[in-house]
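S.K.: Build out the structure end to end from the sequences listed, making use of the hints.
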Amino acid sequence: MASKNVFFHFVLVSMCLAMSNSAEFKYPAVFNFGDSNSDTGDLAAGLGFQVAPPNGQDYFKIPSGRFCDGRLMVDFLSNFYLYPNSIAMATNTCTLQILSLIAICIPCAISFQLDFPAVFNFGDSNSDTGALVAGGFESLYPPNGQTYFQIPSGRYSDGRLIIDFLMDAMDLPFLNAYLDSLGLPNFRKGCNFAAAAATILPATSSSLCPFSFGVQVSQFLRFKARALELIAKGRKFDKYVPDENIFEKGLYMFDIGQNDLAGAFYSKTLDQILASIPTILLELEKGIKNLYDQGARYFWIHNTGPLGCLPQNIAKFGTDASKLDELGCVGSHNQAAKIFNLQLHALCTKLQGQYPDSNVTYVDIFSIKSNLISNFSRYGFEQPIMACCGFGGPPLNYDSRVSCGETKTFNGTTITAQACNDSSEYISWDGIHYTETANQYVASQILTGKYSDPPFSDKMPFLLKLKF
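The opening position of the sequence shown corresponds to residue 77 in our numbering, with each subsequent residue numbered one higher.
In case anyone wonders, no lab produced these hints; they're calculated from the structure.
Wrong hints could be hidden among the right ones.
[What the hints assert, rightly or not] In the EDC-like style, the derived pairs of lysine to aspartate or glutamate whose C-alpha atoms are separated by at most 20 Å in a straight line are: (1) Lys362 x Asp433; (2) Lys426 x Glu320; (3) Lys309 x Glu320; (4) Lys426 x Asp529; (5) Lys325 x Glu305; (6) Lys414 x Asp369; (7) Lys414 x Asp440; (8) Lys344 x Asp396; (9) Lys325 x Asp369; (10) Lys414 x Asp433; (11) Lys414 x Glu359.
[To be verified] Now the in silico label distances, taken between C-beta atoms and shown as ranges: (12) Leu400 x Lys344: 18 to 28 Å; (13) Asp396 x Thr485: 23 to 33 Å; (14) Tyr342 x Ile415: 41 to 51 Å; (15) Arg454 x Ser283: 32 to 42 Å; (16) Gly371 x Pro218: 18 to 28 Å; (17) Pro129 x Tyr342: 43 to 53 Å; (18) Lys362 x Leu418: 14 to 24 Å; (19) Gly488 x Tyr217: 15 to 25 Å; (20) Glu324 x Pro531: 17 to 27 Å; (21) Thr524 x Asn366: 45 to 55 Å; (22) Thr524 x Phe486: 42 to 52 Å; (23) Asp396 x Ala301: 35 to 45 Å.
In this text, a Cβ means the ideal position worked out from N, Cα and C, and glycines have one as well.
M.R.: Structure representation (structure tokens):
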């Protein structure tokens, strides 16, 4: 085996020396694009699976994400041309990606305390802090992020999301997206697996996002395994990844299901959608069981909001006024959300009985958001339905052809989805997601403990500093 490795090195060096006659190989970095011949862990990290032994046995001694017994050509080439003491830069990027895991937001019933060491979050765009953008599936443009981050942050809002406010209330840093390897992410205090457009049901070829709930759970499992592996190598990783104790005591938060319902209306009847809810929740239950088997004990589960009140759904399904309720929302969408939430609540009750050593908290986001829309003026908002960033003007200011910040030309006419003058007067940011001000209101109501089952309003360990 040793003689084969020597020969392989000789061949590579010969190739490199031959090429060096016409090029100077002193590059400061390598950016590699390719398939499994040069993948140093991206597919395994992105889809959340482990490459099984004996892969990696000859050099890394353990599977490294490479489909090989050791190093790839890109490792040898990078070692020769770039860094005498390191392997491909892609490996470093992959390692940073693997360092992302902890996210969830608030504890449960038996002994509620708001002092979790970390949060592990699973969800869709309502809590995505950059995954879909980092994965290269979509780009966000200004004015997204303008209110707080000043630039697009990977969040579908003008500023912070509900999860950001909840993390702040727990005195924890904002969660880095699992797939975001740049910006020196630190996952010691948690990790966010949520991805915009994600569904609970497995993604299909027509899905907008490949990171469905099952994939997010797989990403978590891989992240945990890799984190514990790094911790075992020495204390130098303690600052960046969680240990076993943190995984056990961390909060696991879920905010997903909206896209399973809203997306289904484009191809199914209301009765068909309602009939599919048990299957959707069975998939959610399976994922939560996997996390429980991995030691998770604190679960914080958001129900879905009033889908019929989103400008996107009103524009598509509310053209017939008879289908709208007294608030101007699409009745069928809200009906589906209510029935989904009833069955989700029953699932949470079942899980609490099934896992008596755990805390399962159900959070009624639907009631919080419905109350906000119904009584918008009481809370200082001017527009309960119309989008702040969009195109078309009143009553919805939403055009499905152009997203917030985009400029497109249709039949010779150029249109731009621009932001309103004051986003704090609006509940809807872009017709699908909420403004930072609306997210702050929702978070403030969650933190009262009144909208949770079991409720925890009598156990809050601090005085809330609420704007509303």
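S.K.: When you take the CB atoms of Thr524 and Phe486, is the distance between them in 42 to 52 Å?
M.R.: Given about 46 Å between the Cβ atoms, the range holds.
S.K.: Would you mind confirming whether the straight-line C-alpha gap from Lys362 to Asp433 stays at or under 20 Å?
M.R.: holds (18 Å)
S.K.: Given the hint that Lys426 pairs with Asp529, does the C-alpha gap stay at or below 20 Å?
M.R.: Distance of about 13 Å is within 20 Å: holds.
S.K.: Is the hinted range of 32 to 42 Å satisfied by the C-beta distance from Arg454 to Ser283?
M.R.: holds (39 Å)
S.K.: That 43 to 53 Å hint for Pro129 and Tyr342 (C-beta), does it hold up?
M.R.: For Pro129 and Tyr342 the Cβ distance comes to about 44 Å; the hint holds.
S.K.: Are Lys362 and Leu418 spaced within 14 to 24 Å by their CB atoms?
M.R.: Between Lys362 and Leu418, where Cβ atoms are some 20 Å apart, the hint holds.
S.K.: With a cut-off of 20 Å on the C-alpha distance, tell me whether Lys344 and Asp396 pass.
M.R.: Holds - the C-alpha atoms of Asp396 and Lys344 are around 18 Å apart, at most 20 Å.
S.K.: Please check whether Leu400 and Lys344 have a Cβ separation lying inside 18 to 28 Å.
M.R.: holds (20 Å)
S.K.: Measuring from beta carbon to beta carbon, are Glu324 and Pro531 in 17 to 27 Å?
M.R.: At 25 Å between Cβs, range holds.
S.K.: Keeping to a limit of 20 Å between CA atoms, is the pair of Lys309 and Glu320 held or broken?
M.R.: Holds. Lys309 to Glu320 sits at ~14 Å (cutoff 20 Å).
S.K.: So does Asp396 sit 23 to 33 Å from Thr485, Cβ to Cβ?
M.R.: With a Cβ separation near 30 Å, Asp396 and Thr485 satisfy 23 to 33 Å, so the hint holds.
S.K.: Please verify whether Lys414 and Asp440 have alpha carbons no more than 20 Å apart.
M.R.: Satisfied, since the Cα-Cα distance of roughly 10 Å is no more than 20 Å.
Of the numbered hints stated above, those contradicted by the structure are hints 2, 6, 10, 14, 16, 21, 23, listed in ascending order.
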